[in-house]
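Just so you know, the protein sequences line up as chains A and B, in that order.
With my numbering applied, the first sequence covers 1 to 140.
With my numbering applied, the second sequence covers 1001 to 1361.
Calculated from the structure, these hints are not laboratory results.
This structure is a prediction, so every number in the text was calculated from the model and none was measured.
Heads up, some of the hints might be wrong.
As the list claims (entries may be wrong) - Pairs of lysine to aspartate or glutamate residues, derived as EDC-like cross-links and limited to a Cα-Cα distance of at most 16 Å, are as follows:
| hint | chain 1 | residue 1 | chain 2 | residue 2 |
| --- | --- | --- | --- | --- |
| 1 | B | Lys1127 | B | Glu1327 |
| 2 | A | Lys107 | A | Glu125 |
| 3 | B | Lys1240 | B | Glu1041 |
| 4 | B | Lys1141 | B | Asp1290 |
| 5 | B | Lys1355 | B | Glu1259 |
| 6 | A | Lys102 | B | Asp1274 |
| 7 | B | Lys1141 | B | Glu1166 |
| 8 | B | Lys1141 | B | Glu1119 |
| 9 | B | Lys1238 | A | Asp135 |
| 10 | A | Lys102 | B | Asp1251 |
| 11 | B | Lys1141 | B | Asp1086 |
| 12 | B | Lys1141 | B | Glu1167 |
| 13 | B | Lys1215 | B | Glu1066 |
| 14 | A | Lys107 | B | Asp1251 |
| 15 | B | Lys1240 | A | Asp135 |
| 16 | B | Lys1098 | B | Asp1086 |
| 17 | B | Lys1355 | B | Asp1262 |
| 18 | A | Lys107 | A | Asp19 |
| 19 | A | Lys49 | B | Glu1044 |
| 20 | A | Lys102 | B | Asp1052 |
| 21 | A | Lys61 | A | Asp85 |
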Amino acid sequence: MKDNDDVTRDRRVFFRSRDLLILVALIVLALILYVVTWTTRASSESVAKIYHDGQLLEVVKLVPGEEREFRFDIEPSIVIRQFADQSIAFMSSDCPDRVCVKSGRIKRPGDFAACVPNRFLIVIEGTAELSEGEDVDFVA
Amino acid sequence: MSQKMSFTNKCSGSARVFSALLAVLFACGAIMLCVSACRNESFEAFVTGPFDTVTKIILFAGDQSEFDEHRLFIEQELWRYHQLFDIYNDYPGVTNIKTINDRAGSAVACSEDILDLIEFGIECEEKSGGRVNIAMGSVLKLWHDARTLSTAEPSRAFVPDRQALEEAARHTSIDDVRIDRLKGTVTLTDPLMLLDVGAIAKGYAVERIAESLVKRGIRAGALDAGGNVRVIGQNVVKNKPWRIGIHNPFDNAEGPFVEIVDVVNRSVVTSGNDQRYFIFQGRRYSHIIDPATNQPAEYHDAVSVIAEDSGVADFLSTTLMLMTEAEGRELLADFPDCEVLWVQGTTVTMTEGFKEYVAGR
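Extracted from the complex, chain A is given alone in its bound form:
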């Protein structure tokens, strides 16, 4: 502190305590903004979004114990089923490969299953309870 004062008196000061105050304030502001953007990302429940050709058809809340079947006039061969264990799956489709049905049940946020020939897509969103390590960005 004494050294600091000496420097001040020496008139070679580039960095005064007032500047430091501003700097600290700005850093605190930055941190607050950072934390805010972080926490607002978290939501509590996972949902399955069903798209056809990029258009959102249905948002399915994946509630434990709830089972339901979805059919769509736009493509009658497609049957999607929501299961009690908070998963969802393509049950049938008239596509040649049946890749959609073979994908099985999906439930983790970020998971998706698609019927490409029929342009159907199911995407899981939200942050369900995840154990560390299962929180992957992609699957290869």
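Place chain B on chain A using the hints.
Here is chain B on its own, set in the frame of chain A:
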């Protein structure tokens, strides 16, 4: 007190200006920190259709409109490559691989992108010892037709006739694929030959698009074209490498992943027998065909590759499905920066380098 001191301090004019400038500089720095925190916003989108799969896009962008611009670019590029490399469909005004097949026997003028892909394909044939061969379309077509029809009507499932396969296999010599760079043409000198770029086209296209994104200024993002993952930089939101789950080909107690890896600026691609297959007389026939036998490969259930280049990762994962693990490890001497994981039943093995990517839990 300090405030008062700074006011009463008798600074010379220039030092005062200098310190004021310095303060402004610090302030700018702090604001930049702010902005970069806000800029760490990730945007996500799906493109359904190109390469008969779903492509998931994650990019870090300043705002939605900036992301939309990149997303549109990716979507257009995916469709463009899809059309160029398609062997089943014609598109108005597009000369694609199907055009070359349709006009087998004569020279076909085509775009630089097609010439590049075919050149890469010829290289792949050589490096894989003929195992991944873009010239074996005639054989693959028989299997493709059997798979499509057998899946659509399981009661009438069938496998290709062995004699027909042998006959088709006589028209698969890569030497009959001729590229003329000067004229910009491709010629299949064997008129009964067909090209099939299915084993390499998707990874190749993803790599080209990722390179374009880097040129467009993307520092962090990722593309996942149906399990063909290519990441740029790291996951800026988490400030960590990208975390990729290696798909477990079995629905068993091991869970969805056989392993989890952390990667930066890499591609991760898995080839497996569990997604595209059909069943005939209780037996499963996968889509990866061994040119040595003209039958589906049965060496492994899945092979995953980590490489810098997505085209190489895609090609290599298919190649390694078509040889034993020992042969594969030998081949890897030619691919120094590529790391591999093999799944055979409940046995999972990997190269030493792959272990280094495995996420610490």
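Evaluation of the provided hints:
no. : hint                  : in the structure
1   : Lys1127/B / Glu1327/B : 13 Å, holds
2   : Lys107/A / Glu125/A   : 9 Å, holds
3   : Lys1240/B / Glu1041/B : 14 Å, holds
4   : Lys1141/B / Asp1290/B : 14 Å, holds
5   : Lys1355/B / Glu1259/B : 10 Å, holds
6   : Lys102/A / Asp1274/B  : 9 Å, holds
7   : Lys1141/B / Glu1166/B : 13 Å, holds
8   : Lys1141/B / Glu1119/B : 22 Å, violated
9   : Lys1238/B / Asp135/A  : 11 Å, holds
10  : Lys102/A / Asp1251/B  : 11 Å, holds
11  : Lys1141/B / Asp1086/B : 13 Å, holds
12  : Lys1141/B / Glu1167/B : 13 Å, holds
13  : Lys1215/B / Glu1066/B : 15 Å, holds
14  : Lys107/A / Asp1251/B  : 14 Å, holds
15  : Lys1240/B / Asp135/A  : 12 Å, holds
16  : Lys1098/B / Asp1086/B : 6 Å, holds
17  : Lys1355/B / Asp1262/B : 10 Å, holds
18  : Lys107/A / Asp19/A    : 52 Å, violated
19  : Lys49/A / Glu1044/B   : 14 Å, holds
20  : Lys102/A / Asp1052/B  : 15 Å, holds
21  : Lys61/A / Asp85/A     : 12 Å, holds
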